[in-house]
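The lines below spell out each chain.
There are 2 protein chains.
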Amino acid sequence: MFQINENYLKLPGSYLFSTIGKKVKEYANAHKDKEIIRLGIGDVTLPLAPVVIQALHSAVDEMGKAETFKGYAPELGYEFLRRAIVDHDYKKRGAAIEIDEVFISDGAKSDSGNIGDIFGLENKVAVCDPVYPVYIDSNAMSGRTGNYVEAAGKWDKVIYMPCTAETNFAPELPKETPDMIYLCFPNNPTGSTITKPELQKWVDYALKVGAVIIYDAAYEAYISEDDVPHTIYECKGAEACAIELRSFSKNAGFTGTRLGFTVVPKALTCNGVSLNSLWARRHGTKFNGAPYIIQKAGAAIYTEEGQKQTKEQVAYYMNNAKVIYNGLKAAGYSVSGGVNAPYIWLKTPDKMTSWEFFDFLLEKANVVGTPGSGFGPSGEGYFRLTAFGSYENTKKAMERIQSI
Amino acid sequence: MFQINENYLKLPGSYLFSTIGKKVKEYANAHKDKEIIRLGIGDVTLPLAPVVIQALHSAVDEMGKAETFKGYAPELGYEFLRRAIVDHDYKKRGAAIEIDEVFISDGAKSDSGNIGDIFGLENKVAVCDPVYPVYIDSNAMSGRTGNYVEAAGKWDKVIYMPCTAETNFAPELPKETPDMIYLCFPNNPTGSTITKPELQKWVDYALKVGAVIIYDAAYEAYISEDDVPHTIYECKGAEACAIELRSFSKNAGFTGTRLGFTVVPKALTCNGVSLNSLWARRHGTKFNGAPYIIQKAGAAIYTEEGQKQTKEQVAYYMNNAKVIYNGLKAAGYSVSGGVNAPYIWLKTPDKMTSWEFFDFLLEKANVVGTPGSGFGPSGEGYFRLTAFGSYENTKKAMERIQSI
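Chains F and X, in that order, give the protein sequences. Counting the first sequence from 1 gives a position; my numbering is that position plus 66. Counting the second sequence from 1 gives a position; my numbering is that position plus 66.
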């Protein structure tokens, strides 16, 4: 009799967004006169930039003619896109990444879920707390996290690195030595980030203890301050200890268009084995490339016009972030994030739990956000609002919160 | 110190298509006057059908307007596509598959590589020999195949089911009991298939021994004979023992457009756990949906016009298959496949090895095919030609082979 992967049975239910959806639906049904504003989920709302639309149309036309039709893509991705990435995202930042170190994919979620494939199951994993759930869940599925302890809301083999007001929302070097360290800066969900000297400390630490850093830079485009690194490869030695995940979802609105990439430097080795070659083998065996037309759309973002148009989108969302940040401050809340990220992280007032505040905000202001406890135990007592709504709704939401 | 997944180190080099590429390049450089015809790789050449192009343009326009822009897709895929699939591919065939049993993906290669995630590592795997390499390699990566024995060209924990002239290119029920059985009909690489009563025997066997069948039906559109099943769910009881993988690559030319789906029936359980829920969890954690515009393109294939246009493409390739089949027969070869599949499988003449025949064909006819031994030890002494070239080249290739 065949057996299933028993690790799946250890996963607690993934109820966060379904519970939110259910609660909002119930409230809406009971209060049909109320207009609800959703600032909960991290999905974009602006349409794709004109330069992207144009590239898509043009690539679609190519697919309709025998002379320009494209079949299977090169396994790593088309060179026109990998070269644009290397030139723009790395060379300009002083990072010596080469095009055969860049792997095009269908998005950072797939890559962050799949990257564990090339690592041993005995590796000890360290994550920030609160955290993007995919890092934990994908490791739980492969059996790397031990057992889930319901009372603590934690896995017993995972090293949790609290990121709270006490740590300035940044992780501290863990006491127990990890093998795989997941870092995400600018951070989802807290919206905070760290400076280049602070990130360098993590690189130095990883090199010292022989850990690999899985660095999620999906929100890189939202960085507004000078001393914040755009890529971990700005740090010395990172090419020997770090893998970087990047996404087109938030910098260009590709959440429903799907494109991302992962950088695995050739200098990153374990007992002489190059992780670049392992990921190439994984990529070539369990993946068959991102669509040609989507890769053309991705390349359009790197043109002069593409940079201008996508920067305008980011600026629009970041203006929303400012409205939320200032609005909450004016209403007396303790607020962080929102300066280098589209997420605003607030301390719930009057010692409310995250879920109590969710209900409070829904009832009193008809505004939907995300309870911090949904991202991990150290998220309890916090709450996330996103800047991805429209300006009009964002402004209205703040007026309502201020008048509670 | 972090460790890698050591199973990757057991994989033999994946040299088949790179060796072919190298040999062809060398020959072409040495004989610049020769016009080489490539009938080796299974990639399509006809452009996307007009109805698909139209759907793509229209969906791109939707993505460019705020009112119709689409962010994250539903995790299982858009209902418009899943409903079209259920109605057309299953209901019409008398298979009671429901829309929440269909999972849209970026292609059958990803799904066939990733499906192992939800199964235990101790499961015993059975594959046809010769075989599509992804089934084996993905299981090797997770540690399910034991060690690779170079001399035999086999993994020591895998059950190989020879498909040769002696077995009429169909597998026989294995002597050792497997837990996971990979079947692909119509078959890649042999181009052969089995009848519905023959497939029913496999379903009955799987139900009896408690095995799960991973059924790859990527070439379903090429079936021309009446008694050949288009889906395994035409067989009684299959919903309790089989997962089906489907692709848009070969029926609609989506090799570079990327779309596929997997059916995991809710009736398929292991000790009371539904595999549908496990795959839903995997899909929701390590994947984030196929692009909206590509899902719209997929749905267009199911319209009346879409069916007509894609059937014309399949007919074009199947005419090539006939040209190859008849051409080889006329030249005195032992040939199979090509009737319900775009692949023609021939016995090498004069006891040549697959690679010897590769060199022979390249030199004498300037035609490129794929050595059967590249697909497994029982592929030795066989050779694959594909019907995906142009009619003109296919015809010319046969004239050359006949005049050797």
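It is possible that some hints are incorrect.
Identical chains share a label here; the pair holds if one copy fits it or two copies do between them.
[What the hints assert, rightly or not] In silico lysine to aspartate or glutamate, EDC-like type, Cα no more than 20 Å apart, as pairs: (1) K76 - E188; (2) K388 - E238; (3) K89 - E72; (4) K332 - E458; (5) K131 - E458; (6) K131 - D109.
These are calculated hints, taken from the structure and not from any lab test.
Outcome of the hint check:
no. : hint        : verdict
1   : K76 - E188  : both (17 Å within a copy, 18 Å between copies)
2   : K388 - E238 : neither (28 Å within a copy, 67 Å between copies)
3   : K89 - E72   : neither (31 Å within a copy, 46 Å between copies)
4   : K332 - E458 : neither (47 Å within a copy, 44 Å between copies)
5   : K131 - E458 : between (44 Å within a copy, 18 Å between copies)
6   : K131 - D109 : between (35 Å within a copy, 16 Å between copies)
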